[in-house]
Amino acid sequence: MGGCSSQSCHHCFFEYETERMIVVKSKVVGSVFRLIQFLILFYVIGYVCVVQKSYQETDSVVSSVTTKVKGTGFTNTSDLGARVWDVADYNIPPQGESSFFVLTNMIVTPNQTQSTCPELPNQSTICMSDSDCLEGSNDVRGNGIQTGLCMNYSETVKTCEVLSWCPLEIDINLPEHALLVAAEDFTVLIKNSVTYPKFNFHKRNILPDVNSSYLKQCEFNRKTDPDCPIFRLKDMVSEAEEDFQTMAIRGGVLGIMIDWNCDLDWPEHYCGPKYSFRRLDNKIPENNVAPGYNFRFAKYYKTTDGRETRTLIKAYGIRFDVIVFGTVNAVCNWFLLTCTKRRDYYSKHKFTYLDNIDDNAGEPVSYL
Amino acid sequence: MGGCSSQSCHHCFFEYETERMIVVKSKVVGSVFRLIQFLILFYVIGYVCVVQKSYQETDSVVSSVTTKVKGTGFTNTSDLGARVWDVADYNIPPQGESSFFVLTNMIVTPNQTQSTCPELPNQSTICMSDSDCLEGSNDVRGNGIQTGLCMNYSETVKTCEVLSWCPLEIDINLPEHALLVAAEDFTVLIKNSVTYPKFNFHKRNILPDVNSSYLKQCEFNRKTDPDCPIFRLKDMVSEAEEDFQTMAIRGGVLGIMIDWNCDLDWPEHYCGPKYSFRRLDNKIPENNVAPGYNFRFAKYYKTTDGRETRTLIKAYGIRFDVIVFGTVNAVCNWFLLTCTKRRDYYSKHKFTYLDNIDDNAGEPVSYL
Amino acid sequence: MGGCSSQSCHHCFFEYETERMIVVKSKVVGSVFRLIQFLILFYVIGYVCVVQKSYQETDSVVSSVTTKVKGTGFTNTSDLGARVWDVADYNIPPQGESSFFVLTNMIVTPNQTQSTCPELPNQSTICMSDSDCLEGSNDVRGNGIQTGLCMNYSETVKTCEVLSWCPLEIDINLPEHALLVAAEDFTVLIKNSVTYPKFNFHKRNILPDVNSSYLKQCEFNRKTDPDCPIFRLKDMVSEAEEDFQTMAIRGGVLGIMIDWNCDLDWPEHYCGPKYSFRRLDNKIPENNVAPGYNFRFAKYYKTTDGRETRTLIKAYGIRFDVIVFGTVNAVCNWFLLTCTKRRDYYSKHKFTYLDNIDDNAGEPVSYL
Numbered sequence: 001m002g003g004c005s006s007q008s009c010h011h012c013f014f015e016y017e018t019e020r021m022i023v024v025k026s027k028v029v030g031s032v033f034r035l036i037q038f039l040i041l042f043y044v045i046g047y048v049c050v051v052q053k054s055y056q057e058t059d060s061v062v063s064s065v066t067t068k069v070k071g072t073g074f075t076n077t078s079d080l081g082a083r084v085w086d087v088a089d090y091n092i093p094p095q096g097e098s099s100f101f102v103l104t105n106m107i108v109t110p111n112q113t114q115s116t117c118p119e120l121p122n123q124s125t126i127c128m129s130d131s132d133c134l135e136g137s138n139d140v141r142g143n144g145i146q147t148g149l150c151m152n153y154s155e156t157v158k159t160c161e162v163l164s165w166c167p168l169e170i171d172i173n174l175p176e177h178a179l180l181v182a183a184e185d186f187t188v189l190i191k192n193s194v195t196y197p198k199f200n201f202h203k204r205n206i207l208p209d210v211n212s213s214y215l216k217q218c219e220f221n222r223k224t225d226p227d228c229p230i231f232r233l234k235d236m237v238s239e240a241e242e243d244f245q246t247m248a249i250r251g252g253v254l255g256i257m258i259d260w261n262c263d264l265d266w267p268e269h270y271c272g273p274k275y276s277f278r279r280l281d282n283k284i285p286e287n288n289v290a291p292g293y294n295f296r297f298a299k300y301y302k303t304t305d306g307r308e309t310r311t312l313i314k315a316y317g318i319r320f321d322v323i324v325f326g327t328v329n330a331v332c333n334w335f336l337l338t339c340t341k342r343r344d345y346y347s348k349h350k351f352t353y354l355d356n357i358d359d360n361a362g363e364p365v366s367y368l
Numbered sequence: 001m002g003g004c005s006s007q008s009c010h011h012c013f014f015e016y017e018t019e020r021m022i023v024v025k026s027k028v029v030g031s032v033f034r035l036i037q038f039l040i041l042f043y044v045i046g047y048v049c050v051v052q053k054s055y056q057e058t059d060s061v062v063s064s065v066t067t068k069v070k071g072t073g074f075t076n077t078s079d080l081g082a083r084v085w086d087v088a089d090y091n092i093p094p095q096g097e098s099s100f101f102v103l104t105n106m107i108v109t110p111n112q113t114q115s116t117c118p119e120l121p122n123q124s125t126i127c128m129s130d131s132d133c134l135e136g137s138n139d140v141r142g143n144g145i146q147t148g149l150c151m152n153y154s155e156t157v158k159t160c161e162v163l164s165w166c167p168l169e170i171d172i173n174l175p176e177h178a179l180l181v182a183a184e185d186f187t188v189l190i191k192n193s194v195t196y197p198k199f200n201f202h203k204r205n206i207l208p209d210v211n212s213s214y215l216k217q218c219e220f221n222r223k224t225d226p227d228c229p230i231f232r233l234k235d236m237v238s239e240a241e242e243d244f245q246t247m248a249i250r251g252g253v254l255g256i257m258i259d260w261n262c263d264l265d266w267p268e269h270y271c272g273p274k275y276s277f278r279r280l281d282n283k284i285p286e287n288n289v290a291p292g293y294n295f296r297f298a299k300y301y302k303t304t305d306g307r308e309t310r311t312l313i314k315a316y317g318i319r320f321d322v323i324v325f326g327t328v329n330a331v332c333n334w335f336l337l338t339c340t341k342r343r344d345y346y347s348k349h350k351f352t353y354l355d356n357i358d359d360n361a362g363e364p365v366s367y368l
Numbered sequence: 001m002g003g004c005s006s007q008s009c010h011h012c013f014f015e016y017e018t019e020r021m022i023v024v025k026s027k028v029v030g031s032v033f034r035l036i037q038f039l040i041l042f043y044v045i046g047y048v049c050v051v052q053k054s055y056q057e058t059d060s061v062v063s064s065v066t067t068k069v070k071g072t073g074f075t076n077t078s079d080l081g082a083r084v085w086d087v088a089d090y091n092i093p094p095q096g097e098s099s100f101f102v103l104t105n106m107i108v109t110p111n112q113t114q115s116t117c118p119e120l121p122n123q124s125t126i127c128m129s130d131s132d133c134l135e136g137s138n139d140v141r142g143n144g145i146q147t148g149l150c151m152n153y154s155e156t157v158k159t160c161e162v163l164s165w166c167p168l169e170i171d172i173n174l175p176e177h178a179l180l181v182a183a184e185d186f187t188v189l190i191k192n193s194v195t196y197p198k199f200n201f202h203k204r205n206i207l208p209d210v211n212s213s214y215l216k217q218c219e220f221n222r223k224t225d226p227d228c229p230i231f232r233l234k235d236m237v238s239e240a241e242e243d244f245q246t247m248a249i250r251g252g253v254l255g256i257m258i259d260w261n262c263d264l265d266w267p268e269h270y271c272g273p274k275y276s277f278r279r280l281d282n283k284i285p286e287n288n289v290a291p292g293y294n295f296r297f298a299k300y301y302k303t304t305d306g307r308e309t310r311t312l313i314k315a316y317g318i319r320f321d322v323i324v325f326g327t328v329n330a331v332c333n334w335f336l337l338t339c340t341k342r343r344d345y346y347s348k349h350k351f352t353y354l355d356n357i358d359d360n361a362g363e364p365v366s367y368l
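Residue numbers (this note's numbering), protein chains in the order written: chain H, 1 to 368; chain P, 1 to 368; chain S, 1 to 368.
Note that these hints are calculated values from the structure, not bench results.
Check each hint, because a few of them may be wrong.
Stated by the list, open to error - If you anchor each label on the Cβ, the simulated ranges turn out as follows:
id, chain 1, residue 1, chain 2, residue 2, range
1, S, Lys27, P, Lys274, 29 to 39 Å
2, S, Thr77, P, Lys274, 41 to 51 Å
3, S, Pro208, P, Val140, 34 to 44 Å
4, H, Ser78, P, Ser115, 11 to 21 Å
5, H, Ser78, P, Thr327, 53 to 63 Å
6, S, Thr224, H, Val157, 45 to 55 Å
7, S, Pro208, P, Asn111, 52 to 62 Å
8, P, Pro175, H, Glu176, 44 to 54 Å
9, H, Arg222, S, Gln245, 50 to 60 Å
10, H, Phe42, S, Thr327, 21 to 31 Å
11, S, Thr224, P, Lys274, 42 to 52 Å
12, H, Asp209, P, Asn111, 41 to 51 Å
13, S, Ile36, H, Val29, 24 to 34 Å
14, S, Asp305, H, Asp243, 47 to 57 Å
What the hints assert, rightly or not - DSS-like mimics (lysine-lysine), calculated; alpha carbons at most 30 Å apart, straight line:
id, chain 1, residue 1, chain 2, residue 2
15, H, Lys302, P, Lys70
16, P, Lys302, S, Lys70
17, H, Lys302, P, Lys299
Predicted, not measured: the structure shown is a model, and the values here were computed from it.
No residue lacks a Cβ here, since even glycine has one placed at the ideal position from N, Cα and C.
Using the sequences and the hints given, assemble the complete structure.
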């Protein structure tokens, strides 16, 4: 419009401008020119497309894990006598979440009540007379509230008396061999289902081609049974290059890594879980605090006269953290899910065989 | 410097080189030329900028969840008699974390003590005489340590005796109807706060425009109350296309997905939680092991003579996993946060209305 | 092939085409030209390379956390008498996971049994006669199953009787000062190990240059001890700009954020944890439901005649959520890990000093 006559506009729009070229006929210059062209082409196709897959969409995994431990152990100690441990005893918390703990060693302090007793002896608790003890004092590293009295801890040592759960736990005599030696043969079933929300892709670590009779008796083995989701505790610890019985004494944390990195442009059965195992806590003594893994918990009872007593357990053991990670790449699926008009229909029906078969009538299987 | 006279340098630097162009005046060639130009422009603006938003920064969500279940159920069984279940009974673990479990069915084995009893009969435990039983044997699928004796399990069957928590649990008679039928009407309050650390963006699933009187009585409904954070358990299971009472018998895992994908270039109130529900465990019987979801836990008691007894509960129920995911994109906010000099001031004051009003004097509300 | 003689092909391939250039000698045009060149160069180097680091690979963090709380508190209430609280009493769950709870206030309802009692009075439970009560009615906001009787709740008020755990909890008299005031001086040891799987990079928040004698007595302080992994609860709450004793009354959720954003192209010791603290629950009264953080749990007992009783505890306190996040960038490491032939050898040996020294013989340290 304006100063531009419709005739000249039309004229300009259909003009094509191009550079005037010079052609240099020289083998040397031509070779260098073609080499540079090839390098650029190679970079674009080889690196950007094949290695980096820059044309693909990516998404991070969303995951759900349940676990179930199986096995029975036996201990015979002076505190507890002969005793059988089943999963309700040694598996804490019991809910079968992605992080589960198997008790392997313990210090048990039974029959504690709220009362007074002399503190464990150390630099700040040893006393000569009551004047060394401060009534109401509460050291963050102590076991209770000082009453202000100085009492005989043993025949030779006197310590300040405290109000606490007495008798106090003496945790310096950790058993040198793990109590629950049988724990190495316990097995755990890990069920993991993952979702890549952007691609509406769902999959489980129990692959579609394994059947329930196999699952009832299989055990994971990297070579012979790489798809079995049942793991012997000792095997997992060995894969992390640790010794189970050594680790069982002071406890530790073992990571069960499940890697779901996938390229959804390939057929779906290429997308499977890859397991690896790694000790997550630190073993170096010079750079460590509270080595191993332990925690204290108590069982509370009431005596017939209504007083509360408890059994304090300092539990050592192995915490297994199931850690699921992965990124998925895809270009084909993404186009289908995004661009096709029947998107919802497609999204729902693509993975039908995974979870839409409504049939609960199967007989119960043995891994209950 | 060097061989370059300051005069010639100056000369070169301000030279402008351009190609000599040829103008082809042809409608055909011109049209093709303009079409190609348009396609490139369309690709850059339409795909790179609008669809891919390549100019934006992204960040992944960091999230915190608390949950609180409400409701009371009633059961009447031969084991337990008439009994009311409140949240402290059926909600395990009780802490209101992002994963919570509601008990719907159970097998209770009361008054177990550490003693000996004949094993449950199966291929490997049935015996004719003591010689069939191996003292000290401990099968990972068994219930205890064999004593070496062969005992009457029933009038017709003999099995090897074990040291274990006796009497043993018999878990083949799972009630055909879930015991805690009332669980479908329990409600759960989900509080979720998310952070995108790169953008210093914080938001909660309780949106700024809902007030506490509404929250006291509302219930999530995708059409009428999409912003209410209180969910009826039955509704969530229905949205996942499952039947609550069927799922309650053997248990299962239900994912409560909260999607926080946001584009922060839009006004902030467009950035809200989107809820969806999905069953996460597997229902296909031919490719499954341990269908449903259950775990065992025990309550420990002491008798008057100091012996430990326990009530073993095999708990079936629905575990709800609150799964929060999302990526946020932004260009405007990012520039403001990064480039402005008063960055800290701005970062702190941008979200003032969300959480800097220090006023705790509100009266207690009913959802305690 | 085809119409192309081998002579002419060879000819074409080594031709080099270039544009014929015009050189414009003008200071103005030249200046503009150079400015545009500079801007493009500045954008590519300054923004794409330095700010965006587009040439780098990125990966998200995989993390494992253990926590251990230390400290003893004292309460003196009419319900419980003088009582010392240790970690087994106030730390729920006890396992030392990434989310832990410290009890600071509570409402205790001892000696509950399954029996009948009049409901707490409110609009829907107050009655004049039995006809106002519906036998079997079970309100989701009520405490049990109505028996159909109308009973005296107090001398002036009658309410419908329910079957429930009686006596019912009366939770309107929350103590105005937190019971466990000493909790502010409790300390927590946080052990965090992170992995960037793509780069096979592992690191812990206990840095290689701190020794165990320092860890035995240090306490985190942003200025003087930024690398100490032991945190005083009160300090963390203060950093989140909250008052501990105020927060302790009704409870709350505090996020302990550990930021592991790293650039692996820099020397590894630049890659360390950055701690920050933030209150995650909401304090605004007009837009809130169930302010603070609490949950109910029960301890179960059996009387001598075999009846079950329980102590119901409505626990208020602070839940600490350790939230680990981070993305790592790297180009050098990635090339080494990907391209070198001795990849596995390199991957394994790179981080030797972190965890391959097999020596468990260190003496036990005090933070047990």
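Evaluation of the provided hints:
no.	hint	in the structure
1	S:Lys27 with P:Lys274: 29 to 39 Å	violated (59 Å)
2	S:Thr77 with P:Lys274: 41 to 51 Å	holds (46 Å)
3	S:Pro208 with P:Val140: 34 to 44 Å	holds (41 Å)
4	H:Ser78 with P:Ser115: 11 to 21 Å	holds (20 Å)
5	H:Ser78 with P:Thr327: 53 to 63 Å	holds (58 Å)
6	S:Thr224 with H:Val157: 45 to 55 Å	violated (36 Å)
7	S:Pro208 with P:Asn111: 52 to 62 Å	holds (54 Å)
8	P:Pro175 with H:Glu176: 44 to 54 Å	holds (47 Å)
9	H:Arg222 with S:Gln245: 50 to 60 Å	holds (55 Å)
10	H:Phe42 with S:Thr327: 21 to 31 Å	holds (30 Å)
11	S:Thr224 with P:Lys274: 42 to 52 Å	holds (45 Å)
12	H:Asp209 with P:Asn111: 41 to 51 Å	holds (45 Å)
13	S:Ile36 with H:Val29: 24 to 34 Å	holds (28 Å)
14	S:Asp305 with H:Asp243: 47 to 57 Å	holds (50 Å)
15	H:Lys302 with P:Lys70	holds (29 Å)
16	P:Lys302 with S:Lys70	holds (29 Å)
17	H:Lys302 with P:Lys299	holds (13 Å)
The structure shown violates the earlier hints numbered 1 and 6.
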